[in-house]
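Listed in order, the protein sequences are those of chains A and B. Count along the first sequence from 1, then add 690; that gives the number in this note's numbering. Count along the second sequence from 1, then add 109; that gives the number in this note's numbering.
Fair warning: there could be bad hints in the mix.
[Claimed, not checked] Pair by pair, the computed Cβ-Cβ distance ranges are:
id, chain 1, residue 1, chain 2, residue 2, range
1, B, Gly160, A, Asp920, 18 to 24 Å
2, B, Leu214, A, Lys891, 31 to 37 Å
3, B, His169, A, Trp883, 51 to 57 Å
4, B, Val396, A, Asn934, 32 to 38 Å
5, B, Ile393, A, Ser861, 34 to 40 Å
6, B, Ala185, A, Arg706, 43 to 49 Å
Because the hints were derived from the structure by calculation, they are not lab data. From the three backbone atoms N, C-alpha and C, an ideal C-beta is built for every residue, glycine too.
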Amino acid sequence: MNRSHVIYSKGTKAARIFIFLLLLIIAVIMVYPIVYIVLGSFKENMELLQGGANPIPTHFIFQNYVQAWKQANFAVYTQNSVLIALGVMVLTLFCTSMAGYVFDRKKFRGKEFVYNLFIAFMFVNVGSIALRPMFELAVKVHMNQSLISIILIATGTGQAMYIFLVRGFMSSIPKEVDEAAKIDGCSFFGIYWHIVFPMLKPILATVALLSFRGGWSEYIMPLVFTMSNDALRPLTVGVVMLKNSGNGAAAWNIMFAGATISIIPIIIVYTFTSKHFMEGMTSGAVKG
Amino acid sequence: MKLFQKKHPSLDDEGKASAWLMLLPSIFLLVITSVYPFIWLFRYICYDYNGYTAYFTGAHNFYHMLSDGIFWSSVAHTFEYAGLKLLFIIPVSFLLAALLSQKILGSSLFRAIYFMPTVISTAVYSLIFGFIFAVFNGSLNSILSLMGLIHSPVDWLGNPKIVMISIIIVALWGGLGNYMILFISGMGSISTDVYESSKIDGANGIQTFFHITLPMLSPVIKVILMLAITTAFKDYESILVLTNGGPNNRSQVMFTYIYQLIFSSNVTPQIGYATMLSVVAALIIGVVTVAYLILARKLDDVM
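Extracted from the complex, chain B is given alone in its bound form (with noise of 0.2 Å):
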C-alpha cells in the first residue's frame, strides 16, 4: 500500500528532473553566450586591460569616454545611419508590400526576389558592394558614366560626404525584402470582409487604405517599427566589411568603433574601456526603444 502511495509523486518527479535536464543543453549554452558575459561587462568597467593584465583605474574610463571626441561622433553617427535607414525602409517596404498584396503578375516570384538578400551574409552581399562601389573599376560608377549621369568617377566610400549613404543603399538592399515580408504578412490577416464592406459603401482605393488598411494594421506596424528601430541601431557588420569606420571616422557608429578598441590588430586592446562604452551603448539603445514605445502609446491615445 506504501509503495503503491509513493508511486505517483516520484512518477511526478521523475518528469520534472526529466523536464530540468532537457532544458540543460538550452540552458548551458544560454549561461555561456548571454548571462556570462553580460556579467563579465561590469568586471573590467574601472579597469585598464589589455587582453593580459588589468589595472583599477577607478572612474578613469569614465571620464574618457566623457572627452572622447571619435566616440561621440560615432554616436551621431549611429543616429545618423537609423535614421536614414529607417526613413526609406519603412516606406519603402510597405509600399512593395501593399502593391505585391494585389494579384498582379508574377507578385509571388517578385516577393521571392526581394527577400533574396536575406539569406545572403551580411560579410559578403557587403563585400559585392564593395566591388560594385570601387572608383575605377567599379562597374556602378562605369554604368552611371555610360549613362551620361557623372561625368568623373565618384568616391562611393571614400567621400566622407557619401560614404553615409552609400552605406544606407547597401542596408536598403539587405533589409527591404525582410520588413516587406513582415507587412505583407500582417496586410493577410486583415478579414476580407471589411474591404468588402467598404467597397459596397463607395470607398475609393486610397480612402481604403487611409481609413481601413492603415488603422487595422497599425498594431502590426508598431511591433515592426520597434523590430526595425532595435535592428537599425545594432548593425554594424556591413559598415565593418564597406569601410571599417572609415574615411577619418566618418562612418564611425558605436558598434564597430567598440569593435576596434578591442579586435582590431594595429593598437593595444583597449577591453576596459570598451566595455564602459559597451554599457553606455546598450543604455543609448534601451533610451531610444523604451522612448520610442512611449510615444506610440501616445500616438495611440491621440488617434
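So that you can see chain A by itself, here it is in the shape it has in the complex (with noise of 0.2 Å):
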C-alpha cells in the first residue's frame, strides 16, 4: 500500500503542493510561541518592553538565567518540579502495575464495583472546590508543608487512565505464563514481581512518559498548595506567579527565561518519544 486511504484522489500536482503549504502554515503558527519565548529569553529586558514582530535578540544575554536562578529562586522552583514529576511517575508506576494485574488475573468479590468505581470518578468533575478538602486534609496530619502532599494528590487524580491501560495491556499477556508459574509454587505477589512485572515494560514506559509529563505540568493544585509558601512552589505556579506579582513589567526576561526552563526538558523528552507520547493518548481515548 503506498497510497492514502482516507481521501483517495488522485491528487494534481498544484493540489498537494497547495496542501503542503497549508500544513507548513500551521506548523510555523504551532512551533511559533516556543521560538518566541526561547528566543526572547535571550534578549534584554529593555527589547522585550519595546516588543516589535522580530523574534531574534539583537545581542544574545544569559543574564536573565542568571537572575532567574539566583534571584528569582528558580533553582528550587526547578528543583521542586523535578521531584514532583519523579514522584509522581515513581508512585504511579507502583500504584497502577499492581492494580491493573489484580484487576485482570483475580476474580474476587466486590472487584468490578471497584473497578467502576475508579472509572466512574474519571468523569466527575467538581473544579477545585475538590482542593479544599484534600488542602484541610493535609493541614490536619501537617503534610501541608511538604510536597509530599502534592505528590499524593497528583498520582491520585490521574491514575484511573494509566490502571486502565495497565489492565488492557495485561489481558493480552497469555494466562498460561503464570499458570505455569503458580505450579511452580510462586504466590500470587511472586508472579508480578518475577513474571508480570518485566513483561509490562512497553506499558510501563508508556505510563512513566504520561505521568511525568503530568506532574511536571501540575499548576492549580500545587498553586493552592503552595499558596503561602514559596520554597516548595514548582516551575509553572513559580513563573506565573512573577506575572500577578505587583512589578509584572521589570520581570519579563525572568519570566521568560523561567517559561523556557520550564517547557524546554519537556520538549527534549518529547521529540525522543513522540510516539509513545501519541500512542498512550489514542490508546487510553478511544479503543475504551
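Fit chain to chain and form the complex, with the hints in mind.
Here it is, written out as C-alpha cells:
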C-alpha cells in the first residue's frame, strides 16, 4: 500500500503543493510561541518591553537565566518540579502496575464495583472545590508543608486512566504464563514481581512518560497548596506568580527565562519519544 | 490428611488477601482524592463557611445562587466557550487528520509538531500567549500591523468583545493535536480492503470520504466528541492564567468563578456557597453529556 486511503484522490501536483503549504503554515503557527519564548529569553528586558515583530535578539545575553536562577528562586522551583514529576512517575508506576494486574487476573467479590468506582470518578469533575477538603486534610496530618501531599494528590487524580491502560495490556498477556509459575509454587505477588512486571515494560514506559508529563505540568493544585510557601513551588506556579506580582513588567525577562526552563526539558523528552506519547493518548481514549 | 485438604483454600485466601493488599495503594489514593472530596461537598452545602467557622444557613446558598448574576453569566460563558471551541477544534483537527493520513512529504514530522502542545503545561503556554497578546509590546500586534492588517493595537485580552476569541485561539493551539491524533488512530483502523473495492467501483475522493470514511468512522467520532464536549466544559486553567475571568467578568466561566470564591486572596472565601455552585456545575455538565448521548443515539436511528 503506497497510496492513502482516507481521502483517496488522484491528487494533481498543484493540489499536493497547496496542501503541503497549508500544513507548513499551521506548523509555523504551532512552533511560533515556543520559538518566541526561547529566543526572547536571551533578550534584554528593555528589548522585550519595547516589543516588535522580530523574535531574534539584537544581542544574545544569558543574564536572564543567571538572574532567574539566583535572585528569583528558580533553582528551588526547578528542583521542586523535578521532585514532583519523578515522585508522581514512580508512585504511579507502583500503584497502577499492581492494580492493573489484580483487576485483570484475580476474581473476587467487589472487584468490578471497585474498578467501576475508579472509572466513574474519571468523569465526575467538581473542579477546584475538591482541593479544599484535600488541603484541610493535609493541614490536619501536618503534610501541607511538604511536597509529598502534592505528589500523592497528583498521582491519585491521574491514576484511573493508567490503571485502565495497564489492565488492557495485561489482558493481552496469555494466562498460561502465570499458571505455569503458580504450579511451580509462585505466590500471587511473586508472579507479579518476577514474571508480570518485566512483561509489562512496554505499557509501563508509556505510563511513565505520561505521568511524568502530568506531574511536571500540574498548576492549580500546587498553586493552592503553596499559596503561602514559596519554597515548595514548582516552575509552573513560580513563573505564573511573577506575572501577578506587583512589578510584572519589570520581570518579563525572568518570566521568559523561567518559562523556557519549564518547557525545554519536556520538549527534549518529547522529541525522542513522540511516538510513545501519541500511542499512549490514543490507546487510553478511543479503544476504550 | 486434614492438613492437606486445608492447604488449597488457604492458598487461595492468601492470594485474595494479597490481591486486596496490592490494590490498597490505589484505593487509598482514590478515597483521598476523589471519594472523600465528593462526600465533603455535601457537608457544607447549607453552610456559610469561610475556612474557619461555619454557620448553618439553610437554603440561603440556593437562593443566593438564583439571584447571582455573575454565576449565571458564567454559565452562559461556559456554553459560549465550549461551543466555540468545539466548532473550530473538531473540524480543523479532523481535516488535519484526514490530510496527514495520506502519504505526504513529512507527514510524521507534521504530526509530531501539531501534537507537541499537549506535552506543555497549560498554565505555561497560556502565560506565553499572554506575552504574545500584550497590547503595546506583544508580538501579535506588531506582526499584524507590519502586515498592514491593523492600524491601532488590539487589546486582545482586555476588550470584552474579543477576549473570548483570544481564549479560543489559545485553546485551539493547545488542543488541536490531541484530537487530530485521536482521529488519525480511528482512521487507521478502517480496513484498506474497503478502500480498494471502492476504488475498483470507480468512486472519487469526495465520494469515498462521504460514503465510506465518514460512516465507518462514526462510532469513533462519537467517542471523540463526547471526550471533547466534557473537556471543553471543564476547561478553566488557561482562562485563570490569561484573564482571571476579566475584563469585568466577560471571560468568567463556571469553574474560574468557583475558584475565585474559594481561593482568591482579595475577598473572604465563600466555601459553602462554592460547594453549592460546584454541585450545580457538575449537574449542568452531566445534563449536557446525557443530552449529547441521547442525540447521538437518535442520529444513529436516522442514518
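The hints, checked one at a time:
1. The hinted range of 18 to 24 Å is satisfied by glycine 160 of chain B and aspartate 920 of chain A, whose Cβ atoms lie roughly 21 Å apart.
2. Range check, leucine 214 of chain B to lysine 891 of chain A: about 34 Å between beta-carbon atoms, so the 31 to 37 Å window is met.
3. A C-beta distance of roughly 56 Å is found between histidine 169 of chain B and tryptophan 883 of chain A, which places it inside the suggested range of 51 to 57 Å.
4. Restraint check, valine 396 of chain B to asparagine 934 of chain A: a C-beta distance of roughly 35 Å satisfies the suggested window 32 to 38 Å.
5. The given range of 34 to 40 Å is respected by isoleucine 393 of chain B and serine 861 of chain A, whose C-beta atoms sit roughly 36 Å from each other.
6. For alanine 185 of chain B and arginine 706 of chain A, the hinted distance range of 43 to 49 Å is satisfied, since their beta carbons lie about 44 Å from each other.
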